[in-house]
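Could you slot chain U onto chain C? The hints should help.
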Amino acid sequence: MGKRRPAYSNLCKAIEAGHFVFTGELEPKKILDMSEIIHSAKEMKKTKKIIAANVTDGPQGDAYMASMVPSYLVQRDAEIEAVWQVAVRDRNRVALFGDVLSGAVLGLKNILTLTGDHTKLGDNKKARASYDIDSTQFCDLLAKMIDEGTDYEGNEISGGKIEMNFGCVANPNAVPPYLEPEIMKVGRKVEVGIDFIQTQTAFDIDVAKNFLKELEQFNVPVLLGLFPLKSHGIAWYFDNYIPGVSVPEDLLKALKKAEKDNKGNKPGKYAALDKINIEFFKPFIEEIKKTTKAAGIHCMAVEYERLFEPLLGEFPQYVK
Amino acid sequence: MIITELKDIDEIYDMIKPYSKILITGCDGCCQPPRSINEAKVLGQLLELKAKTEGKDLKWKAITILRQCDDRIAATTVRPFVEEYEAIVSLACGLGVVMMNEVAEDIITYPANNSMCGGVQNQGENSFIQYCETCGNCLLGETGGVCPIAGCAKNLMNGPCGGTVDGKCEVGGYTLPCAWIDIYERLKKFDRLDLFKLYRPARDYRTATSPAYITINKSFTNEEEEKKEGKK
Chain C
1 MGKRRPAYSN LCKAIEAGHF VFTGELEPKK ILDMSEIIHS AKEMKKTKKI IAANVTDGPQ
61 GDAYMASMVP SYLVQRDAEI EAVWQVAVRD RNRVALFGDV LSGAVLGLKN ILTLTGDHTK
121 LGDNKKARAS YDIDSTQFCD LLAKMIDEGT DYEGNEISGG KIEMNFGCVA NPNAVPPYLE
181 PEIMKVGRKV EVGIDFIQTQ TAFDIDVAKN FLKELEQFNV PVLLGLFPLK SHGIAWYFDN
241 YIPGVSVPED LLKALKKAEK DNKGNKPGKY AALDKINIEF FKPFIEEIKK TTKAAGIHCM
301 AVEYERLFEP LLGEFPQYVK
Chain U
1001 MIITELKDID EIYDMIKPYS KILITGCDGC CQPPRSINEA KVLGQLLELK AKTEGKDLKW
1061 KAITILRQCD DRIAATTVRP FVEEYEAIVS LACGLGVVMM NEVAEDIITY PANNSMCGGV
1121 QNQGENSFIQ YCETCGNCLL GETGGVCPIA GCAKNLMNGP CGGTVDGKCE VGGYTLPCAW
1181 IDIYERLKKF DRLDLFKLYR PARDYRTATS PAYITINKSF TNEEEEKKEG KK
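Residue numbers (my numbering), protein chains in the order written: chain C, 1 to 320; chain U, 1001 to 1232.
The reader is advised that the hints may include incorrect statements.
Listed below are the simulated EDC-like cross-link pairs for lysine to aspartate or glutamate, each with C-alpha atoms no more than 16 Å apart in a straight line [unchecked claim]:
#	chain 1	residue 1	chain 2	residue 2
1	U	K1188	C	E180
2	C	K46	C	D62
3	C	K230	C	E279
4	U	K1197	C	D151
Sample of chain U residues lacking proximity to chain C, with all beta carbon distances greater than 10 Å (derived) [to be verified]:
#	residue
5	S1036
6	D1071
7	T1164
Just some of the chain U residues that point at chain C, by a computed CB distance under 10 Å [unchecked claim]:
#	residue
8	V1165
9	I1181
10	I1183
11	K1188
12	K1197
13	Y1199
If you are wondering where the hints come from, they were derived from the structure by calculation, not from laboratory data.
Where a beta carbon is used, it is the ideal one built from N, C-alpha and C, also for glycine.
For reference, chain U alone in the conformation it holds in the complex:
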């Protein structure tokens, strides 16, 4: 899921200040914490209040979209409203904001969130953790399932560094775990310290360079299918 952090209300208000009718779009996709219809409504009310303190009348409508990052879903949901409103405030992650600007191209969509990372939810601690940096070069097979790219502040491939003390990282004041000590412990548990000892050469950053355009080609080859077709 994409972890987002709501921007300061003043910052959002500053963006929509020139407009008097706005559409607020929540997202029912993977955005976390939830940024759906209820959150869109609350944001509308807050912006309306803020406008009132400045003697302005702000009209708003809140809707939610199944997934703002899917062009068909986004377009079919939002287009019916576009003519009535002067601007959109999106509660999705950055992907949703860009997509809304594409599918509703005649008005501007503004972001209500800062997109933080792809992460997981740790319900027990009510926190979100970045487990993957989508680097395009997955190492998890040799690190016991702990990612040194997302989990290590220095993205080291041959850690730990000298900044680890008692298994904690120098960044964050020794409160967060050192990914490389976690990797060591995982691999030791499975008697795979041979993987820990491996020297890993420098990363190929071509896989992680933006902008990324990835084409998934639809094709399959399957011998049995081919045989079946041959029989026909």
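Okay, chain C solo, but in the shape it has when bound:
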């Protein structure tokens, strides 16, 4: 069991209060205009069920807007807490420390630590990736900043300790013989002192439940990742290009059929796609809530705001 620290963020406070929480996801890409991100965050806020929004940091190794400022803007303009995703791919320990200090001053309260997809997968393949420290060592750095008020080497931060909570990612798609190394890896991060876990997306309920059962030993809140599929194209991309994730074939076929059957009929297509997602994910969430010790769901419905209400409508509101 890891060291437990106070809940500084709304996310961790809600988990501590025993709510089944939801987090959403925002993806700042190669953009200058923040209006869509802010709009999406406001829609999350409106549900009163999504307590925080993850802001991604160059997913798939692409050169995107850095996540710190959008995290801040989401908190300022949409009044929903951010889960600031930080990958160790692009910054060494000096830059990571500096960024986290800056983020703390901006009032960011949650960090999700990630290794980050390799730059060789991204749109600037010739780049030299940093990986000075790995994500476990980054957790160690954050623990030092929060619990001891120092940098990695123990040099003091003038003004004291930062007040943040941080989590790590785990892959619920790991099945034996690859399950044990995955669990042991999470174990190292628990040892270092994480506050929560948000998992990669799961599509197989039995595999996910088994994974959650394995994580129970750590006594750390886990948010299971789910990825509603806005279109067949996104599902196909996800299936083919996101490391470690595969979309069930039936689901892919159903999405394709829904798009084909409603060609030229946009409202009809949306309704058909939403129906597939609701029928798949709603019972999924209910089952996870009822039968596992998961603290909540990380719902990666990026730019898919219209699904929030029908998908989460029946779950209790707890966000003020």
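Same frame as chain C, but now just chain U:
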């Protein structure tokens, strides 16, 4: 051994274009694939042909050196030829090229190779694999003899990351092994998963920062020897 990859002939030719007499030096050291006298001859012939297509006459001589990275061997072998030639093309790794520039300081030595890595030869597959990154901080004792620095695309010390699927790495399209799954399997075999579970703190990059100047001090202490000397 140092694994090298021959540069494109046009690139080599562009470097030696200003010269009409060149010396081509093969290396009999650890350079792989072989870059010895035969390879030096072939390179000379190719450059000569290339020059002819441009209406130029290129004179060349091919020699080979036992080890281009050893200053005494390199100097004694190459110096007798230096006055006769305008430039050198070295078939050694980068170490050899720099050493040749040092010992034959009055002319320039150009590289014919790109030096890729320190690696091993996998005869079965006719391929070379980087097993060590010479990082100056050997971890192999706690990773079952599999190096996570050379073997993991992200040099992770606490892997595996989320980019592993069925024991393969996201880099290279899931064709190459995930070093951390290999480490897990090795340690499991020897019932040493306690080592796998260990948290390894951040690397000390001072050991891997270039330029590196390493002095090996010659000295020994041995109690028996001291006693012998005392008896004398």
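Taking the hints in turn, this is what the structure says about them:
1. K1188/U / E180/C: holds, 10 Å
2. K46/C / D62/C: It is violated: about 30 Å lies between the C-alpha atoms, which goes past 16 Å.
3. K230/C / E279/C: holds, 14 Å
4. K1197/U / D151/C: Violated. K1197/U to D151/C sits at ~24 Å, over the 16 Å cutoff.
5. S1036: At about 33 Å from chain C, S1036/U clears the 10 Å cut-off, so the statement holds.
6. D1071: holds, 32 Å
7. T1164: Given a closest Cβ separation of 7 Å, the condition is violated.
8. V1165: holds, 5 Å
9. I1181: holds, 6 Å
10. I1183: holds, 8 Å
11. K1188: holds, 8 Å
12. K1197: Holds, about 5 Å.
13. Y1199: holds, 5 Å
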